[in-house]
Amino acid sequence: MIVKVQEEDFDVSAECAGMTESKGAGALVTFIGTVRDYSDASDILSLDIEHYPGMTEKELERVSREAAQQYDILDSLIIHRYGVLQPEDKIVLVAVWSRHRATAFDACRFLIDVLKSSAPFWKKEITPQGSRWVTDCPGCRAGSREGHSHAPHAAPHLLHSR
Amino acid sequence: MIVKVQEEDFDVSAECAGMTESKGAGALVTFIGTVRDYSDASDILSLDIEHYPGMTEKELERVSREAAQQYDILDSLIIHRYGVLQPEDKIVLVAVWSRHRATAFDACRFLIDVLKSSAPFWKKEITPQGSRWVTDCPGCRAGSREGHSHAPHAAPHLLHSR
Amino acid sequence: MIHVKFFASVRERVGMAEMQLPCPPGDFSVEEVLTMVEGQAGTELRDVHLLASLNQQHVPFTAPVQDDDEVAFFPPVTGG
Amino acid sequence: MIHVKFFASVRERVGMAEMQLPCPPGDFSVEEVLTMVEGQAGTELRDVHLLASLNQQHVPFTAPVQDDDEVAFFPPVTGG
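Chains as they are written, first to last, in numbering that gives the first Met the number 0: chain G, 0 to 161; chain E, 0 to 161; chain B, 0 to 79; chain C, 0 to 79.
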């Protein structure tokens, strides 16, 4: 079970080849997230990813342990980059090894879903019209802090008591 | 949309990097099937994969087209090896590019599931106790041609009329 | 002429990978091709597992066959 | 001393990445730390989006804080 948070790019084959616990696994599922060259409203020139050093690694290790508890997997690898990235650059790799493919698919999907909702990374899009923080909320994207509603702060699924 | 049937090994990063339709996709999900070093009953020394040249490529292209029709994907790549493979060797790569990760996961899983039930490959396990054809049927594995039942021959889901 | 191919355990049971059969008169299907193969090979191939393809596409045994077609018989596939 | 950190749009609104606050007397929670931060920064941070962590773990605003703890405020994460 390995977690890496780094600024530099990585080679997927080389990173996956180094996983000794994965030997004889039978199935490897990987998810690779890359920078898109467009968003809702405009072209993306680059993406600036901020993170919370220390907490990032802790959260990724926590979700990795959670996946290992919930799914019958042999090993997992998460690499997440930060800093300024260009369109087509890799942002994140999630790789899961297991004996059977269904488990590897389920666990890989679980990892990227949980990571996206809990690992402290924030994306800022640099566009020809200026820069803006990425948000999943259409109301916030429209810039209105009032006039739209959300769940109360500190979404329950993020709390480590679960 | 690329399909390759080959005896030689492949590098996942290099193969995926060459996919021009995948540019700016956002999400890439890959499945890699490797040779396990054990099966139900014994250690596996090697795996001999037979295929039906010509039909193999046709079937892989057919399932690729089917995935492209059913899912909103940008591109797909399937590489399947044949011949004698050793434990830990890669057997198959299925890679799917899409804008959103859920689609890439769904389409990749669809492709490997359909491929496994329709592409004309047959595995023979070479073990210290001799060699035997791989079968998913426990009854057949036990060697009894009588005494267990199956669906009628030519499973409907395999017929190209669907 | 009907071009018949065999794969995996079926190939081993027939004892050869390919067989050319004369095209019989009248309508016939994959089922009749199988009967001819069994006569030629002197072995029983009918098995709940047996699958067939016609011109490299999966077909049911009722599929009609024509002169110069390629028919193949094989066990369930185990790739991936 | 309470070590407070800010990230992304919250960092930009506060105008700094970190702040050291004196530990107040008695029991207090992340909520009270936020009130102190708003006083120091002279800006309103309460927002339905605002999230908090305590010693690098996600917590609700009711989580009790102790001397030397690290508290952070940030918007919903958008990694992956």
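Since the hints were derived computationally from the structure, they do not count as laboratory data. Positions of the beta carbon are idealized from the N, C-alpha and C atoms, including for glycine. Don't take each hint at face value.
Stated by the list, open to error - Here are some of the chain E residues that sit facing chain G, going by a computed Cβ distance under 8 Å:
hint : residue
1    : G17
2    : M18
3    : E20
4    : A26
5    : Q85
6    : E87
7    : H99
8    : R100
Stated by the list, open to error - Derived coverage of chain G by chain C (criterion: at least 3 residues anywhere in the stretch with Cβ under 8 Å from a Cβ of chain C; other residues may be distant):
hint : region
9    : 7-20
10   : 71-77
Unchecked claim - Keeping only pairs whose Cα atoms sit at most 16 Å apart, straight-line, the calculated EDC-like set for lysine to aspartate or glutamate is:
hint : chain 1 : residue 1 : chain 2 : residue 2
11   : G       : K115      : G       : D74
12   : G       : K22       : E       : E60
13   : G       : K115      : G       : D42
14   : G       : K123      : C       : E37
15   : E       : K57       : B       : E37
16   : G       : K22       : E       : E56
17   : E       : K22       : G       : E87
18   : E       : K22       : G       : E56
19   : G       : K22       : E       : D112
Comparing the hints with the structure gives:
no.: 1; hint: G17; verdict: violated (13 Å)
no.: 2; hint: M18; verdict: violated (11 Å)
no.: 3; hint: E20; verdict: violated (13 Å)
no.: 4; hint: A26; verdict: holds (6 Å)
no.: 5; hint: Q85; verdict: violated (11 Å)
no.: 6; hint: E87; verdict: holds (6 Å)
no.: 7; hint: H99; verdict: violated (10 Å)
no.: 8; hint: R100; verdict: holds (6 Å)
no.: 9; hint: 7-20; verdict: violated (count 0)
no.: 10; hint: 71-77; verdict: violated (count 0)
no.: 11; hint: G:K115 - G:D74; verdict: violated (20 Å)
no.: 12; hint: G:K22 - E:E60; verdict: violated (30 Å)
no.: 13; hint: G:K115 - G:D42; verdict: violated (23 Å)
no.: 14; hint: G:K123 - C:E37; verdict: violated (24 Å)
no.: 15; hint: E:K57 - B:E37; verdict: violated (28 Å)
no.: 16; hint: G:K22 - E:E56; verdict: violated (29 Å)
no.: 17; hint: E:K22 - G:E87; verdict: holds (6 Å)
no.: 18; hint: E:K22 - G:E56; verdict: violated (29 Å)
no.: 19; hint: G:K22 - E:D112; verdict: violated (23 Å)
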